[in-house]
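Sequences and hints are given; from them, build the entire structure.
There are 4 protein chains.
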Amino acid sequence: MDKLRVALLGATGMVGQRFVKLLENHEMFELSVLAASPSSAGKKYQDAAHWCIEGEVPEKFREMTVVKADLENVKKEDNVDFVFSALPSDVARIVEAEFAKAGIPVISDASAYRMEEDVPILIPEVNPDHLELVKKQSNRGWRSFIVTNPNCTSNVLILALKPLQENFGIKRVIVSTMQSLSGAGWFGVTSMAILDNILPYIKNEEEKVEREALKIMGEFDGSKIIPAEFKISASCHRVNVLEGHTEAVFVELKSKADPKQVIEAMKNFRGRPQELNLPTAPENPIIVRMEADRPQPRLDRYAGNGMSVVVGRIRSDTVLDNGIKFVLVGHNTIRGAAGNAVLNAELAVREGYL
Amino acid sequence: MDKLRVALLGATGMVGQRFVKLLENHEMFELSVLAASPSSAGKKYQDAAHWCIEGEVPEKFREMTVVKADLENVKKEDNVDFVFSALPSDVARIVEAEFAKAGIPVISDASAYRMEEDVPILIPEVNPDHLELVKKQSNRGWRSFIVTNPNCTSNVLILALKPLQENFGIKRVIVSTMQSLSGAGWFGVTSMAILDNILPYIKNEEEKVEREALKIMGEFDGSKIIPAEFKISASCHRVNVLEGHTEAVFVELKSKADPKQVIEAMKNFRGRPQELNLPTAPENPIIVRMEADRPQPRLDRYAGNGMSVVVGRIRSDTVLDNGIKFVLVGHNTIRGAAGNAVLNAELAVREGYL
Amino acid sequence: MDKLRVALLGATGMVGQRFVKLLENHEMFELSVLAASPSSAGKKYQDAAHWCIEGEVPEKFREMTVVKADLENVKKEDNVDFVFSALPSDVARIVEAEFAKAGIPVISDASAYRMEEDVPILIPEVNPDHLELVKKQSNRGWRSFIVTNPNCTSNVLILALKPLQENFGIKRVIVSTMQSLSGAGWFGVTSMAILDNILPYIKNEEEKVEREALKIMGEFDGSKIIPAEFKISASCHRVNVLEGHTEAVFVELKSKADPKQVIEAMKNFRGRPQELNLPTAPENPIIVRMEADRPQPRLDRYAGNGMSVVVGRIRSDTVLDNGIKFVLVGHNTIRGAAGNAVLNAELAVREGYL
Amino acid sequence: MDKLRVALLGATGMVGQRFVKLLENHEMFELSVLAASPSSAGKKYQDAAHWCIEGEVPEKFREMTVVKADLENVKKEDNVDFVFSALPSDVARIVEAEFAKAGIPVISDASAYRMEEDVPILIPEVNPDHLELVKKQSNRGWRSFIVTNPNCTSNVLILALKPLQENFGIKRVIVSTMQSLSGAGWFGVTSMAILDNILPYIKNEEEKVEREALKIMGEFDGSKIIPAEFKISASCHRVNVLEGHTEAVFVELKSKADPKQVIEAMKNFRGRPQELNLPTAPENPIIVRMEADRPQPRLDRYAGNGMSVVVGRIRSDTVLDNGIKFVLVGHNTIRGAAGNAVLNAELAVREGYL
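Chains as they are written, first to last, in my numbering: chain A, 1 to 354; chain B, 1 to 354; chain C, 1 to 354; chain D, 1 to 354.
The hints are simulated quantities; they were obtained by calculation from the structure and are not laboratory data.
Glycine included, C-beta positions come from ideal geometry on N, C-alpha and C.
Incorrect hints may appear among the rest.
Said to hold, decoys possible - Quick list of in silico lysine-lysine cross-link-like pairs, DSS-like style, CA-CA up to 30 Å:
no., chain 1, residue 1, chain 2, residue 2
1, B, K60, C, K254
2, D, K260, A, K60
3, B, K43, C, K267
4, D, K231, C, K254
5, B, K60, A, K171
6, B, K256, A, K171
7, C, K267, B, K260
8, D, K260, C, K171
9, B, K267, C, K267
10, D, K267, D, K254
11, D, K44, A, K267
To be verified - Now the stretches of chain D that chain C is said to cover, found in silico as 3 or more residues with beta-carbon under 8 Å:
no., stretch
12, 103–115
13, 126–137
Okay, structure coming up:
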């Protein structure tokens, strides 16, 4: 199979850099256009991007000239098959629609369209059937479609919740997060604010977590998504960790399950990407650690190349009925952002949407 | 009034150092004996203690010779009116009883006797009436008594819960903690373990939190404590913060209350120490911050000289019935340890027990 | 004595906040005008300043309205006796001259005028006689004058070097710095850049250190400063420390001195501020620690209320002739900035310049 | 070629773990015995070693039983061709001699024998000819020999100095280090000591740096090593960085060289391991970065798989005659310890000593 040609919108930011790294040697996709804000346009990628993730700028992209992230400039550059978007939300609102309208599919990490009725928020292991919802977007007069990613915090949480929903049903979820610095972007948290400290507030984060989970874990009835009916509440905090979100989760199940059953359900959890053997799919979407003191973000964030969620301390909770509590770690800019989008694109190819 | 003379058992550890600092110029107590393990005995205090809290060893204690922390050696040194104990739990089990039996009251920060039926765990603002329980200890054949402190995590949590219990009633509590390094002691967490990391496990901590709250917030019926009846569940984590525990708390109230009412209840909360105007009592046991991003441990841990709990982000929770969620910060080695014990002693004096 | 009335230009930044704190209850100065950039003008101080140093905004300044930092607006507010300036260098260049021209003395922490021939860079313990140089500024047509502070890194270094220069003479100095985050300002270093890391470069810093030392330690011959003749070279690095610069210093002395003699010289060092008993003068400009592992920035930065430099590990160096090496810690935003300026003002008052 | 069989003495510590990782799939060596202290003996490796470097315990060693690190127990296990030693110095003193005497070569990272007259401290790129010195050890009645590693700080420093010595000659070296936590071992630095702090003292470190450089950079005249004649002085500090030592270096050259020439000399530097194309040899022993703000430990420590030293900020120094200053970063437990030892063994094989 010839590789699909793809443009990356928002190529210079931190999530953009993760995309660049994941696409360096991708077997299905050829990253042929790097697009970003006007201030980066015209520069070589290595000069435009302040590279801030591990390793160096991949050699093949160093000298590539960045173009402005709009339809006109991207089209001038190459006839791409689809685009990845890591644009800021307000820009994404306009630019992503422009591409979809023009017949170029958009696989997005931006939050702009997430809560639109006809746009799926996709985690390939969780709700691959929601992909079909994109067909509704033709009603907008668009020749193609937008698929979105969940917020990073939601993403890794929902992965861990999915086998519980499937096996035991979920009634309530309470989650406290300890989120890494990279979630706020390179300049998001100044060092003086976080050294020897915790920031107990992340703007709009709790709302996103509470909102997105119900949509993603809802049911697609062929024409719309019926949100899941459980209740969810979050308290979100920033800690002095470079990458990897940690979350303490309390769940009220519909039917009783002891920790052993929960462990089994999580260990055995596989999704459509594993069935299809997609290139970016981790062998295990959830890795369960049995040690008393795992997961830890520095040790576990790169499990499954950053695509697995690591869960530990699975134990009973006596406050909630059929209560279970556990701790999870997931890589917020890989599984929680660029990696999930790449997996979305792989799924879309194999399901005939790209 | 002449100052009461007091010995400090476990004077060299980190909590011991907090006691030393709090007692340097205390208006009611004269710290006249510094006692510690055999390996420290015979040394000058400044050589025996690896001083690790802010500032320097107070001058008046620098040259004081440390004695072995047992009844015989302390008595040889001075005829003290009572003792503070910051001993390790296993040593405390034996030594504290020795003092109580010999007629010397023990105000302890150790966990050894906390859960004994006839021993109160005291937070002066929360359950000052439990102090009377010590009279039951004469049944052990003891001529005096032991009063204990809660675990540091429980202490600051319970202070914040008390006005909720009083005003609205409590049915369920779920708490996720982000605990500071000092809670583990000077050598408790090696630097390589915690840099760019979180440890999602603190041995026995969740059990302590879940157990102690019900006893402390229970009712003393004149002869025994009837535990409070709400349910409580904790997930405890260590973060890279020097001092000050942060806790994300979700509470189900018995009667509905909106955030404003909760804020008022917390702001107006005063206890017996404030009535009695005890020297170590903070003006406000709870300080409510209205900024979106407070409390923060580095900025708020020394509020009220480390004796106030700072609460912020008070908001409704939709998962629990009559749900309220908030974040708190409290100083774990002051309010959560030495400071609470000193306040216990002050209360005991004014109530006629010392 | 009536207090002198003073305006603070650049009141909202981190050094500005240090000024505010130092002037809260100052016995000689009444801070009556808070001035800052146009974007802050018109706001209450507590809203304009993102308070980022320990404690809270002092109560008396919370509601004070910030005015624009120029002559016109400050004069409208109050008839101040002099101004402190913590302005950015480019703004300082224009605004400070405006005040000096109009007859209002400027005690500045900005770098704008430091290297001008007729402007002293003053450390009151080191070169108080240089203050007289300000008289030359009348040649500019100014009715008053500007006095400047050294760069923070230079300041604490020069304090430690002064007794060596006085007692043994200095031929060469090599210094490697480990500088704190606050030196770069609140937004100067993003957290992702410095966690688990060191930044081996601080723009223009080495040049400043190398240049300012020779001027400050030079001789004032009544009409101009003849720079000191030793050689100095710096390597400047940023480390993950909140406040307090640490410097490893190697010195070639003119005449041989063993470590004991150096220790004595440093311990006995006193300057004009100590003679005059100025309110902000520390008892000891230099505190020598004899422990093997001191000074440490977290433990020693607040020595002498942040106005003392703490020196340790004084030992022979065999590479340089008559070589001595040592490590120092100094508080970069107190002694290295606001505190030194306040001390400059106190000196200027007592020497009849204010 | 059949692989040589090798035992690892001190397999459970942090340097031991680095050896295990480097030897997991080594083309020349088969790690067949894991040996450690009596308290570890008899346990499975994964239980005995508290794994603390990135990744997991390599699968092939997880279940391997650890034996006591002495000749008798190692021999019982396998007939090894040589041993690697990461033993503590006092144990190494006795055990390494035991092996050498019995005819089993020892490639050691321990400091015990470094300064013995007949024992080379080897950096394969720097002094491969010193290997011949081991022949002298037969005078001890040993049937085989010990080869040692430099101290980690010396190692990466000397690599950077070697091309300067070769091309321009060296007269004096002054170095200030900012050393990582791993250099002190897993339990070496407690978190409360180093958070928001620097420790300005590392026991014996400065002495080691000053002593070892002259021996390693000395000349082997066929029977003994004539130490290099330059002068060297160090100031050693611990910073809150996980891995990777950073060093600020000032060098007085014998003959004048501008930064460009120094850059060229470093870039072009190759040694015997590169000639021989040894498996663990990095392509470039020294990588020169031209960016103003490199090298940085978090970004550069894994350059050349942790075997290259990264040098930056090469500039003139005006204090020393023909002065050059620069900053370097090197991985202290790979190039500075296990990796150098493995490279030593590879060299010894190819030169006919193993």
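Handout entry: Earlier hints that do not hold, by number
Key = As far as the earlier hints go, 1, 5, 7, 9, 12 and 13 are violated by this structure, in ascending order.
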